[in-house]
Amino acid sequence: MLISFILLGKYLEVLAKGKTSEAIAKLMDLAPGTAILLALDDQGNVISEEEIDSRLIQRNDLIKIIPGAKVASDGFVIWGQSHVNESMITGEARPVAKRKGDTVIGGTVNENGVLHIKATRVGSESALSQIVRLVESAQMAKAPVQKFADRISKYFVPLVIILSFSTWLAWFSSWKVPWISRILDTEIHG
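Using mature numbering (1 follows the signal peptide of the UniProt record, and there is no 0), the letters of the sequence shown map in sequence onto residues -16 to -1, 1 to 174.
Think of the hints as simulated: they come from the structure by calculation, not from any bench.
Mixed in with the good hints there might be a few duds.
What the hints assert, rightly or not - Result set (DSS-like, lysine-lysine): computed pairs, CA atoms no more than 27 Å apart in a straight line:
(1) K(-7) x K102
(2) K3 x K126
(3) K126 x K138
Said to hold, decoys possible - Label-pair ranges, simulated between beta-carbon atoms:
(4) F132 x Q42: 43 to 51 Å
(5) S(-13) x M124: 36 to 44 Å
(6) G28 x L(-5): 52 to 60 Å
(7) A7 x W152: 43 to 51 Å
For glycine and all other residues, C-beta sits at the position ideal for the given N, C-alpha and C.
Can you build the whole structure from these sequences, using the hints too?
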């Protein structure tokens, strides 16, 4: 029974880790694959736009976010107005109004206006990456009680198995030996 409970606990732990891994994968999917990089002239006018892989964004890059697109990195708005759906990160039920000077979080969705943002936190510094890192560390960490239980079960389970086998062996030998000796006596004395 005890071993069954321990195995059931280990199985449930593996299931929970699998679900956490799925959650991490979904979090990683929040990050957009591409971004529109802007180049400005001395007067602040847009010279060119280039679509790049969002992993190539550097701090202080200027990024254009069109309606319906995901915000490519954490930063602040330098031009434009829009509403940004931050529910996947903050849990906010309604889109939040954004205008010049407001901060935006990577992985959120721009709802209706065009925004130009300046990237401030990219890669592992971004809020999304930090959330993923926290979830991963929580997945790997064990509670102190669980560590204690694992340490006890490491010795307790083999001890119980040895005692159980010894008890069965003692019972079997006390039951079988007289029975065998009676058979041998009848065969020998015939």
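These are the hints, each one checked on the structure:
Taking the CA atoms of K(-7) and K102, the gap is about 47 Å. The hint is violated against a cut of 27 Å. At roughly 16 Å between alpha-carbon atoms, K3 and K126 fall within 27 Å of each other, so this suggested pair holds. Restraint check: the Cα-Cα separation between K126 and K138 comes to about 16 Å, which is no more than 27 Å; the hinted pair holds. As the Cβ distance of F132 to Q42 is approximately 47 Å, the hint placing it in 43 to 51 Å holds.
The beta-carbon spacing between S(-13) and M124, approximately 26 Å, falls outside the hinted interval of 36 to 44 Å. One distance hint, 52 to 60 Å for the beta-carbon pair G28 and L(-5), holds here, with the actual separation near 57 Å. At roughly 45 Å, the beta carbons of A7 and W152 sit within the given window of 43 to 51 Å.
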